[in-house]
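Given next are the chains, with one letter for each unit.
There are 2 protein chains.
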Amino acid sequence: MTIKNFGKAPHALFKKLVSNHITGDLIKLFYHSILSIRMEHLLIDTIKTWERFYRANFINCLSGFKSANLIGTVNRERQPNLAVFSSVVHLGSDPALIGFINRPLAAAPHTINNIEATGVYTINHINPSFVEKAHQTSAKYPAEVNEFEAVGLTAQFIYPIIAPFVAESNIKYALKLVEIVSIKHNNTFLVIGEITDVIVAEGLIANDGFINIDEATSMACLGLDAYYTTTKATRYGYARVTK
Amino acid sequence: MTIKNFGKAPHALFKKLVSNHITGDLIKLFYHSILSIRMEHLLIDTIKTWERFYRANFINCLSGFKSANLIGTVNRERQPNLAVFSSVVHLGSDPALIGFINRPLAAAPHTINNIEATGVYTINHINPSFVEKAHQTSAKYPAEVNEFEAVGLTAQFIYPIIAPFVAESNIKYALKLVEIVSIKHNNTFLVIGEITDVIVAEGLIANDGFINIDEATSMACLGLDAYYTTTKATRYGYARVTK
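In the order they appear, the protein sequences are chains A and B. Everything in the first sequence is counted per our numbering, starting at 1 for the first residue and increasing by one. Everything in the second sequence is counted per our numbering, starting at 1 for the first residue and increasing by one.
Hints are supplied without guarantee of correctness; some may be wrong.
The list treats identical chains as interchangeable, and a pair is accepted whether it falls inside one copy or across any two copies.
Unchecked claim - Using 20 Å as the maximum straight-line C-alpha spacing, the simulated PhoX-like pairs for lysine-lysine come out as follows: (1) LYS140 / LYS48; (2) LYS176 / LYS48; (3) LYS133 / LYS232; (4) LYS232 / LYS176; (5) LYS232 / LYS140; (6) LYS133 / LYS48.
Calculated directly from the structure, the hints in this document are not laboratory data.
Next up, chain A with everything else stripped away, as it sits in the complex (with noise of 0.2 Å):
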């Protein structure tokens, strides 16, 4: 079902929305609203009440599409590691750092274990070949299982980096470790690195800069399972007030 086919009923939902005890002032605001699209408004409360996988996908969701990438490492032994990220965010161009999201130590521990035994690390992009194996490494393998294998793809070491890259993968990149913050409140990481080395497939840097990451088949991806392909709608060009 698309957006457009919404909207054809709204009574049906000022109904349901006077049933869930919406104060009266907001079903007003509210029905203004969806005179054009039906839209449900859903209270934490409400959602914290729901089922745990539910709920879990639900939220994961909420963020929108993120960039899919596979995190290589090695421990202090040269063993390597690669796994599955979802949360890894620009922080800025000059120093070129690069955050990523670390699920709490119980949870995943491999990925920043070795990353603070080593503090080197690479970033590949997900393409379509090898998506599903890409997803696979999100399997809790133990420490002892090198996922490059489990999996089947090939680690491909560029001296003088000890991490290993995704040799399959079209853009990648090296980090050395910044600073490990901790955030408190649920017990994550956010991982930021100092980008060192960039392997780039040849022919998809813009006359400006600009990576077209979609013609290297980069993919996006959303919730805790969902992968996507993208399609360029456009650029914009710096913003100006005087426009």
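Could you slot chain B onto chain A? The hints should help.
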């Protein structure tokens, strides 16, 4: 040019690598990988010499596809502010925490100041029907300008939330401020909020809680000024070691 066209003349890249003073070991490793796809290896010391905007475009694309959102706030006098943000990141689903990166205060003071002053803000997915207006909010309007009016979007107030939603947006939520974490390396901030209310167009929530935000026409963005629509490739479900 698509990836499929690459790899026809690896010898040319081989020569280019030599001329770029890359060491012999690296060339050997690298030459092996470019037999199928020609890759470029860029060192940060080279990237740092690039013109400022070229470099910013390049680095901003490396983190991959991002969620395209508008953040709505008010100041202490209830003056609305609206600004586009591409750095929204999921932090956890219980409690439902969402983060976003705010640039240094000198570059982007209004949103973060308003959030500090009032403790409340909204995040609104961007849809193609208003993406041009959304991007225009990135212009440096003075503090006294209401960007809703300046770009032609509709501020929607849902009692008792004092921060404005974007009426045109099909998926949006309100948050209360939890913490602002300073990232000292580049004077940016990780703003952490807890979701209090979710407004979502009816019919989008799958029977496991997953939200079909592509059907809501939520967009992805890339770099500083590019916007994308998406196409779902697949959902894989929870990955298990025993697969």
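Hints, verified against the model:
For the identical chains of this complex, LYS140 and LYS48 are neighbours neither inside a copy (26 Å) nor across copies (39 Å), given an alpha-carbon limit of 20 Å. Taking identical chains as interchangeable, the C-alpha atoms of LYS176 and LYS48 lie at most 20 Å apart only when they sit on different chains, with a minimum of 16 Å there against 39 Å within one chain. Proximity of LYS133 to LYS232 under the C-alpha cut-off of 20 Å is restricted to the inter-copy arrangement: shortest distance 17 Å between copies versus 26 Å within a copy. Within a single copy, LYS232 and LYS176 get their C-alpha atoms no closer than 31 Å, and across copies no closer than 33 Å, so neither meets the 20 Å cut-off.
For the homomeric pair LYS232 and LYS140, neither the shortest alpha-carbon distance inside one copy (35 Å) nor that between copies (25 Å) is at most 20 Å. Proximity of LYS133 and LYS48 under a CA criterion of 20 Å is satisfied in neither setting, with 33 Å inside one chain copy and 34 Å between copies.
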